[in-house]
Each structure stands twice: as structure tokens, then as C-alpha cells.
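> My numbering applies: residue 2 is where the sequence shown begins, and numbers increase by one.
Where hints are given, some of them may not hold.
What the hints assert, rightly or not - Label-pair ranges, simulated between beta-carbon atoms: (1) 116 - 136: 43 to 51 Å; (2) 67 - 16: 37 to 45 Å; (3) 60 - 243: 21 to 29 Å; (4) 116 - 222: 22 to 30 Å; (5) 135 - 62: 29 to 37 Å; (6) 60 - 234: 29 to 37 Å; (7) 187 - 116: 13 to 21 Å; (8) 126 - 214: 39 to 47 Å; (9) 123 - 92: 41 to 49 Å; (10) 222 - 136: 37 to 45 Å; (11) 231 - 135: 44 to 52 Å; (12) 176 - 116: 35 to 43 Å.
Rather than coming from a laboratory, the hints here were simulated on the basis of the structure.
Backbone N, C-alpha and C define an ideal beta-carbon position, used for all residues, glycine too.
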Amino acid sequence: MTAAEGVDVDGLVVLQGDFVLGPVSMRLNAGGIHCLLGPNGAGKTTLIRAVMGLQNRSAGDIRINGIQVAGRSPKVLRGIGLVPDDPKQLLEELTAREFWALTARLHVDAEGRDAALARAEELADFLQFTPPADTISTFSLGMRKKTQLVAALLHAPKFLILDEPRNGLDPLGMLRMESLLVEHARSGATVLVASHDLHWAERFAGHILILNQGLLEASGTVAELISPSGSLEDAFFRIVSGK
2 MTAAEGVDVD GLVVLQGDFV LGPVSMRLNA GGIHCLLGPN GAGKTTLIRA
52 VMGLQNRSAG DIRINGIQVA GRSPKVLRGI GLVPDDPKQL LEELTAREFW
102 ALTARLHVDA EGRDAALARA EELADFLQFT PPADTISTFS LGMRKKTQLV
152 AALLHAPKFL ILDEPRNGLD PLGMLRMESL LVEHARSGAT VLVASHDLHW
202 AERFAGHILI LNQGLLEASG TVAELISPSG SLEDAFFRIV SGK
């Protein structure tokens, strides 16, 4: 991996009504799993949208694998996989396979689409998800989440973003998802997960970022953030309470 791989954010500022995000500067190394934590309203979704180029910013520089993000860029978006926190962010009139085919058309050149759809079937099989012929509108929460996971991974994105990906999954589904994320990071991709589950983040993530009231209050490994006798939960509440 080269120094250009990964995600670099420098001095990002977003003004959204009365809410101000930033300035935020951070480095997400390729090959790592990074967990973004923060209370409700901290700005996690705004930060994710800004990094993707989907949110107007007032200042700052963003680079994904060395490519500068300047607004909504098809080139940048093609290399990103996203699992949003809202399970309804799916085209509900489509079947799962139709949704994956559409995702492949948006993210993969024509010659690579068959391989991407074959990968989708492999991912679904690993998640123990047999896509029904029914439309997504009939799916349970867990089925929707698995549909989103497959869509986010079928094109082997170099930058994978997941917002509360464990919601709706049963314990086996969670373990299988974790295996996919670890494997994807080991392939050289950058994985960013937003979560409220502090215990899971402490166990799973290699790098923790804590966002509070629009500011990045802490960034480091779990060992760097906690005291010798504490936990990530202790560190989180100490940081967001300002104590």
C-alpha cells in the first residue's frame, strides 16, 4: 500500500443551519477498520456525507486514495461502498437481485459486471441469505440489511462505509458480517463503521474516532484512548462530558 491509499481529511468545515461540523482533520489508513463514535447529533452522518462529496462544505480538503473529493464525483462514488443506517434506503419495488444488478451498473464497467454479480451471489450465500423473488418492500429488517451489505461489497470498493451495520442482524449474521469486514480490510480497503455500540467497537475496531458536538474529540487505538483500568465506555463518557 502506498501513502496515497486511505482517506485524508484536512480542516473540514460544514455549516448546516445552526450546526457546525469541524474543523475536522483525520487520517483513515487503508487496510484498517475505523469506528466512528459519538452521541446523537454529534455530526456522524454529516461527516460521512461530506467525505463522500454528498454534503457541501465551507472549508477543507478531502482525498480518497489520493483523489481529491470536490463535490458529487461519479469517479469517487464508484469506488465507495455504503451501508446506510436506514434500512428503507433501498428501491423497494425491485427484488434483491435487481437491486444488485443496478448497483453493478452504477459501480462497475460493463466487462466486470458479470464478475460483480457472481460475487454478489457468493456474498449472499456466505450471509446465508437466499434472495426471494419478492420485492424488497416485503423484506424483514434483517433481509434488508443483508441486501445492503451485498450491494456495498459486490464491486470490491476501496472505501467501505457502514452506518450502524449490525442493526437488524441476528448473532450469526453479525459474526458473518464481521468476517466480511475483516477480509475486506485485509484486501487493502479502508473500512469506516459508525456505531453506538461501544463494547463492540472496543472489541472489533483497530482505530477509534470520537465525534462530539461537531468536533473530533479523540482519535487513536483503544489502548491509546482508555486508562489502564478503564474501558472504551469509560473513555467515551469522559471525553463527551468534558471531564
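> Next, verify each hint and record whether it holds.
Here is what the structure says about each hint:
Between residue 116 and residue 136 the Cβ separation comes to about 26 Å, which falls outside the hinted range of 43 to 51 Å. In this structure the hint that residue 67 and residue 16 lie 37 to 45 Å apart at CB is violated, the actual value being about 27 Å. Look at residue 60 against residue 243: about 25 Å separates their beta carbons, and that is inside 21 to 29 Å. Residue 116 and residue 222 have their C-beta atoms about 36 Å apart, which leaves the hinted 22 to 30 Å range violated.
A C-beta distance of roughly 45 Å is found between residue 135 and residue 62, which places it outside the suggested range of 29 to 37 Å. For residue 60 paired with residue 234, a C-beta distance near 33 Å keeps the hint of 29 to 37 Å intact. At about 20 Å, the beta-carbon gap between residue 187 and residue 116 stays in the expected band of 13 to 21 Å. Checking the proposed 39 to 47 Å range against residue 126 and residue 214 shows it holds: the Cβ atoms sit about 43 Å from each other.
Between residue 123 and residue 92 the C-beta distance comes to about 22 Å, which lies outside the given range of 41 to 49 Å. For the pair residue 222 and residue 136, the supplied restraint of 37 to 45 Å holds, since their beta-carbon distance comes to about 43 Å. Distance hint check: the CB atoms of residue 231 and residue 135 are about 48 Å apart, consistent with the given range 44 to 52 Å. Checked against the hint of 35 to 43 Å, the pair residue 176 and residue 116 fails, with Cβ atoms roughly 26 Å apart.
Hint compliance for this structure: hints 1, 2, 4, 5, 9 and 12 are broken, all remaining hints hold.
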